[in-house]
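J.: Sequence:
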Amino acid sequence: MAKPSRRELVDLLADVNLFSHCSKRERATVARHMETASLPADATLIEEGEEGDALFLIIEGTASVRRSGAEVLAVGPGASFGEMALLDGEPRSATVVATAPVTVAVLGVRMFRTLLREFPEMTFELLAGLAAELRRTRDDLDRVSPSSAST
Numbered sequence: 016m017a018k019p020s021r022r023e024l025v026d027l028l029a030d031v032n033l034f035s036h037c038s039k040r041e042r043a044t045v046a047r048h049m050e051t052a053s054l055p056a057d058a059t060l061i062e063e064g065e066e067g068d069a070l071f072l073i074i075e076g077t078a079s080v081r082r083s084g085a086e087v088l089a090v091g092p093g094a095s096f097g098e099m100a101l102l103d104g105e106p107r108s109a110t111v112v113a114t115a116p117v118t119v120a121v122l123g124v125r126m127f128r129t130l131l132r133e134f135p136e137m138t139f140e141l142l143a144g145l146a147a148e149l150r151r152t153r154d155d156l157d158r159v160s161p162s163s164a165s166t
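Residue 30 in my numbering is what sits at position 15 of the sequence shown, and the numbering runs on without skipping anything.
Quick caveat, the hints were computed from the structure, so don't treat them as lab data.
All residues carry an ideal CB built from backbone N, CA and C; glycine is no exception.
Among these hints, one or two may not hold up.
As the list claims (entries may be wrong) - Pairwise CB distance ranges (calculated): (1) Glu-75 x Arg-47: 32 to 42 Å; (2) Ala-85 x Thr-44: 30 to 40 Å; (3) Ala-143 x Pro-55: 20 to 30 Å; (4) Ser-108 x Arg-128: 29 to 39 Å; (5) Ala-52 x Met-99: 19 to 29 Å; (6) Glu-148 x Arg-125: 22 to 32 Å; (7) Ser-38 x Gly-84: 15 to 25 Å; (8) Thr-44 x Ser-83: 17 to 27 Å; (9) Leu-54 x Phe-139: 25 to 35 Å; (10) Ser-83 x Ser-38: 16 to 26 Å; (11) Pro-116 x Asp-157: 18 to 28 Å.
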């Protein structure tokens, strides 16, 4: 697996909900501080119940998202997980296991917080991205159960 270029990371971050409202320059700053790793199939990327300390972005390969041992989602290139850990540090709500060799980009919580201190204007874009994701989730839930609509 080839290591992704910073330009590729910048483009992939545009599709990560948390960073979707950030400018290209801001995403480039984030990408510059991400580490990449190649892991074998069956590697556990995150474990349900463990402390959340990083965001992961799948560059290449596939993984299984599991809750209480049952698969709830299969993910591939462009998928991200762990973004809530950057915001609240709560325990992981799922386990993610590579189902094929994967290349991931990782942004640790310490670097994320450093970026926010150095570039406080990015906070507003991150909040906008988070709000957009909450609205999408609400809309998805409304389609499943229209009687539970909220504003």
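J.: Could you work out which of the previously given hints the structure breaks and list their numbers from low to high?
T.: Numbers 1, 3, 4, 7, 8, 10, 11, in rising order.
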